[in-house]
Amino acid sequence: MREKRKLARLLFASILLSGSSMVMAQTDKPVTVQLKQASIRELFMEIKKQAKVNFMYSNNAVEGLKKKDYDFTNASLEKILAHCLEGTGLTFEIADDNRTVVIKRKQQDAEYAIGAVVDRDGMPLAGVSIKQEGVKQGTVTGFGGEFSLPLEPTKDGKAPKLIVSFIGMKTQRLTWEGRVLNIYMEDDAQNLDEVVVTGYQVINKRALTSAVTTVKAEDIIRPDFTSIDQMLEGHVTDLMFMSNSGEAGAVPKIRIRGTSSIIGNREPLWVVDGIVVNDPVQISPEELNDPDFVNRIGNAIAGLNPQDIERLDVLKDASATALYGSKAANGVIVITTKRGRVGKPEVRYTNSFTYKLRPRYTDRSIDVMNSKERIQLSRGLYNTGYIYQDNISPVGYEGELMKLYNHEISYAEFAENVARLETMNTDWFDLLTHDSFSQQHTMSVSGGSETGRYYASIGYTDTDDVIKNTMNKRYTAALNLDANLTTWLSASFSMNGNVSKRRYAQESLSPVDYAYTANRAIPAYDADGNYYYYKKMQSNRIGYDYNILNELDNSGVNQDGTSLTMNANLRFKFNDWLSANAIASYSTQTTTIDSYWGDKTWQIAELRGSDYGVEAPSGSLCPQGGEFTTNDTRNKSWTVRLQLDWNKYFGDEEKHNFNGTVGYEVSSTRYKGYTSTARGYYPDRGLSFVSNINLTDYPQYGSWLASNVPYITDNLSNMLSAYASFTYSWNQMVYLNLNGRIDGSNNFGDRSNDKILPIWSVSGSFNFGQLGFMRELEWIDYLTVKGSYGFQGNMLNTESPVLTITKNPLHPYYNEFTASANGNPNPNLKWEKTHSYNIGLEASFFNNRVQLAADVYFKRTKDAFMSKTISTINGYSSYVVNRGNISNDGFNVDITVNPIMTKDWRWSISTSFSRTINQITSSPDGESYELTDFLNGNAVVKGQSIGTFYSYRFLGLSPVDGGPMFDDWEDHYEDLMGLSKYDTYTRVLKATGSREPTMAGGLNTTLRYKQFRFAASFAYSLGAKTRLFGMYGSGVSVGDLTIYDAAEIRPEHNMSRDYLDRWQHPGDEQFTNIPAIIGSGSTNYTKYLSHWSDRLIYDGQAVQPIATSYWDMYDYSDLRVVSANYLKCNNISLTYEFPKKLLDPWHITRLELTASGSNLFTIADKDLKGQTPTQGGFTTIQLSDRPSFSLGLSVTF
Amino acid sequence: MKKNIKTSILLVAAAATMASCSDFLEEYSQDKAQVETWKDLDELLLGDGFLEPVLFLDPGDYNSSGSAQTPRNLDIIHFMSDEIKENVGVDYDQGGFRTRMFSYFTWQRELGVDEDLRYTGGDDSQWNTLYSKINTCNMVLSLIDEQPETTDEDVAGKQRVKGEAYFLRAAYYFLLANLYAQPYDPQTAASTPGVPIKLTEYVEDRDFVRDPLDKVYAQVLDDLERAEECLTGKARVSVYRPDLTATILLRSRVLLYMQNWEEAAREAQRVLDLQDGLLDLHTLAEGADALYRDSPETIFSMGGYLISVAFADYRSQYGGGEEAGYLVSDEMAALYQHDDLRSRHYIGTSELFRQSPVFLKVSGQQSAWGTYNEVSDCFLLRTPEAYLTLAEASAFSGNEPTAQRALKTFLATRMETTPEVTATGNALIDLIRNERAREFLLEGHRWFDLRRYTVCQPYPWSKPIEHGYTYYTTVNYENIPLRTDYYRLETNDQAYTLPLPRSVIEFQVSLGDNPRPSRKPYRTENY
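First to last, the sequence lines map onto chains W and R. Start counting the first sequence at 1; every next residue gets the next number (my numbering). Start counting the second sequence at 10001; every next residue gets the next number (my numbering).
FYI, nobody ran anything at the bench for these hints, they're computed from the structure. Heads up, some of the hints might be wrong.
[Stated by the list, open to error] Between beta-carbon pairs, the in silico distance windows are:
1) W:Gly613 with R:Arg10344: 50 to 56 Å
2) R:Asn10492 with W:Gly385: 36 to 42 Å
3) W:Ser820 with R:Thr10200: 18 to 24 Å
4) R:Arg10483 with W:Glu930: 32 to 38 Å
5) W:Gly613 with R:Asn10479: 49 to 55 Å
6) R:Asn10479 with W:Thr696: 30 to 36 Å
7) R:Asn10479 with W:Ser820: 37 to 43 Å
8) W:Tyr973 with R:Arg10344: 52 to 58 Å
9) W:Gly978 with R:Pro10515: 52 to 58 Å
10) R:Arg10344 with W:Met977: 52 to 58 Å
11) R:Gln10034 with W:Glu930: 42 to 48 Å
12) R:Asn10479 with W:Asp526: 49 to 55 Å
13) R:Ala10427 with W:Gly702: 27 to 33 Å
Just so it is clear, CB atoms sit at the ideal spot from N, CA and C, and this is done for glycine as well.
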């Protein structure tokens, strides 16, 4: 409209100027013109004379036109004018009255720049601003991403330049060449990298002074996992990733920049959209820090659909985490969820189907005997006179022998049965695991206008694990709304909910461990196809019917969880440099974990004291039914935060900038838990409990009932905090930053309220790219160095300066209430202090073709809490003092290269490397750690890193009897007399490496060719050590009763194929390290079954127990320590994006198909003999990472 | 205008969050609390300060999770004296006494060893228990004065709790001194190492040394003095709380051990002035407990009577059974005369296998399992002690008529027919000493008495004690005796004093050990 008016004005001006030339016209009359070097005006005059037409034109339009020769005879008016206006940019029009010729600029058709804008996925982008350079007015793209911009002539006559910009995307400059434009917006890595989200602030990356790694969820997403934390391996520098079970939903252990706490929590803090999120069920730090603990319950973000996640920012140094206070000592991972974009509603559906392969006996990693080998071994043992214990299970070769001796079967039957057993080869892996099929679906809709945007999604995940009866289902829903209410007020609301259901086996069953260790000559089914049971011994020498399948059928753990989070965020804009933010968040989570044992199980038979179907004896602890344990945890938390932000430029050319944030935050978290165990449970009879047990018939059951009370926990944690962040910058070149936070809490006995110690940091950066000479170097995009120092204090809330007591129920003896001391006063405990230093470099070269980031850090924890043994004259034996020193140093490099960036080909490759050196620099108390802590890597040792485990020094096999020999100071035991546990074990045992890796990294690459995209992700981990699976396992004892010893060979157990190479005759020790089997028939049986340190007769002084048996020592010897280094192919995928042409008729904007493979291979030390490096021979064998194959589809309407 | 709206919205939001903050940072814990009133300290003292009561559990039930409920307190003192003997042939370790008591029963140099002389630990249990309870007393004493008092009840309650804490601390240091230091000899007490005294409520991470024995006793008397101040005029809450009577009786015992005869007699008389009731055994029903909570004799008790389980038979629910592991020693059984009612009420035959002599003062027989026992086997204060202390102290201080009178009054309730007490001099002392042995059978007096008699100035006395310990072997799933090793505690043996626990000395060599000979069997009987 406006353009038309302008044109009208122009025309009006021309009319005024040439108004006098109006006469009667004959435009169709032929004209003859012959002029030499005439101006156009002269031509018009000539035509006007002959044809009686008026010319209308503006003087400045014809100004400057060159003089020409005109030679026309009886030519038409049109022909002459066409010739004379050629190349002038002018055109003519004969008015309706047929006597006026209007001369005007050629503009109407050609002066619109038209085209469409899409994002990197080819999705149309609405609301993109398109401007012509030097012109104030512009336009925005419509819902389809289309635009049409009227162009103004350029002063210099060159082709006009267009500026295309959109918030959060890279601004582009294009030259209008008259072709329809298809603009591809770079909203990708480069641009997301422009900012860092810390949860409290959004900081421009160039202004960042601390160590933060950002990853985009879609770059790391994998179809075989359901939680984003499982996908982080190899993608974040300084993040060590440890997964000790490949079971569905198992939570990996994550360490950011080493381990800086000895007795506290070591896991990072999870933050979603600025709010700290809590685990659904509280798990103690001791349990979480145990390297053998498998967390099947899930962590704080287990309920978050990875498809709803936009990005993750991993805050690593003290400067980055200072605003979170002391709870961020292990680093913070900030998750930002997806929000709506301006544009037409966009519906997107994504799915993936995954096929996961189960373990098989043919796997290289499973090196156990088949039936024939196992029977052969038993036969060999029998022939050499091996004596079994009298409580063995009567199965396998030994079982048949027992029947033969008891005259139950004839020799012919015996031979026949044994022959049958030899070919039995029960496939336990097939029976207990299966190739599983899982699926994930997410449907989302997003869109919005300038005033309001929305994103909503629902997701469904159904993961069936390769372990049968283990599964994980999750339903998620998310809603994010953003509204610009007025120019000064905007608001965001979000809701996030999920319902999850998990099912897994009772912990004591461990199907995978069973498959590894069960004799394959034991049938699973009898001839009639029913379960085959054998008598398993435990507390009773009779033994009850056992079949692992029956156990699994009749027991299990069911976990149900629901969670809902609501956030509201109001933003007030006072003026262009000052704004305020009010955030409120509420979240509730409920988790119910029900575990049960049915009455048909062996577990219950043990309690009942009789096999299933046999009446319980009077001593029974569970006369009828099974056992049911329920654990309910409810977590409610809320956070309110008020924050003031300013960002002000001042001084000459506004070179100085001062920005900052001050805020205060109130948060509260409550956990309520209820646990109870009941017996007499009938899961298959209407989930009912038996109610009429006569307790006089079952006095022991009665006494169990009497002491069986439910257990309630109630844990409330309130926190009031104030925080501030100030940044000064000069000329976008020098940045100085100061962060700080103070907390007050209701933690019981927490003296942080009394002794205020703020968490603070200073940091700075210098952007070399802004220096004059650097700016001229075209190949450097930017180069920034930065440094930070941070101080953090930490306090233990279990230690109080005053006496705390626990109030007990009424005491039946006194008939009075009693209390007991809960914690002795510890008034002199000081803060545990961590000083952290970080120096970093970030650079980008060749137009972002090469990007480089590197950091070096030093973290020193002083006054770390450690327990100290004190004289028991004080009334107790230890208390917590500030005496630990821990250092964590490390460095990392992260390089991204984009070698090819053409229209059809795009290739990017990134690699990272992190090194962490962790060391305890103070010695712990002599009696703090037991032998098993040293063997399993839980002990803290001066000069060693956390996770260091110790092993026995293997010398070789005895040439006499083939038993293992160790350098265990037996010949000079007197040197060990009177030493503390710490001194003894650090001397006799050998430090054989750490269970935590010291180096880790990844290699990720993406290659696009037209519609194809190929991506591969590899991760490696170096420096960790592990043990081979134990040859002997450990003995079993119940209470004081030893059921069996480690070295015992039991018919129900399978054995490693290594046994085939065992020592059998003197001289074999030259060739093998596998000890002989020394049974109770051998004279040396007892010698190997215990240890000299245990037998040493005390005479004034003694030594600490060094081992329980020589067999145990063998399993825990340095011989069986191997490197756990590995390079793993995390994921390889190939995506095909359908061309637009094909999709348009279906109104589909985008369609992608992806095929991928996960965990395809792992390269590890060959000494592992195929054992997966993440599986250790420390305790129960867990499921290894399973290879899987997936197909996925993503469609957008 | 617009700006005002903005500001007011912010202010309202800020005020809304602030308003709810008043209680926000108040410390919260589900089950932890700070001490806020004297009643909290009263409960704390009851829960942690006293020796714990014992629930008789079924010792055959190793599956039971209740084993934590059987604090052993000081049951070791019964196994070192001449009161019990092993029931040869019974390897069944009812109540775990056989295993746990081997080293005490045979007076080993090292107390943490098992029957194969392997060190298994546990020798620090009494030491740690007593010091842990002393720590509770120290805490209570340091906090009691600052507790608010608004009513008369508060004032009185605080006094009582304070008095009880002083009483307990005195009792524990007295027990420690009698376990870990040489018997109190007035001549040498100043140079005899006692036990370390710690009276502060905070951790002292220092090298402790043993205070001289006279200082330890002085500390005990001082605490009792304060306890008396606090408890004077306070009514007895129950027999499980020490009152003035208990305080005076304990002081009379301390003075008796110090051979301060005059004062011991005076204090014993003061006790009798307050409470002189005696249980007439003529009236006691056959099989009934002779010691019980509401007996007219009972003044104060803490801990349980777990020792009586050692004399009980066990019959399994699956049939079969086990005999009692211990019997009352022959020499102790011989002390009871025919007309002594205690020969029926204090010792007798076991419930199921009819073995004798077993201990019956408080029944530990299987039928009593699952219940609490009402009084203690190691810290029971009752009136007979006052009579016998009065008698002994009077006899030593030359006031024999008082001694004879006190004995006669007492014996009237113990014998079928009241005997005339005419003995004098050492014969009277012997009578009193035997009377103590009879009356206080397995109440925790005997070991301490045997100790103090060795240094008794006017009339020292000691006797050798012999204990046999039987080893078993398995033949055809049946445990049969292999041999019995006999150990002997010589007269005035150094082993009357326990060695300091190994862990304690290892941790702090500055404490120094007690000299104690290593002990080999002096004879062995093979089967």
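Numbers of unmet hints, in rising order: 2, 5, 9, 11, 12 and 13
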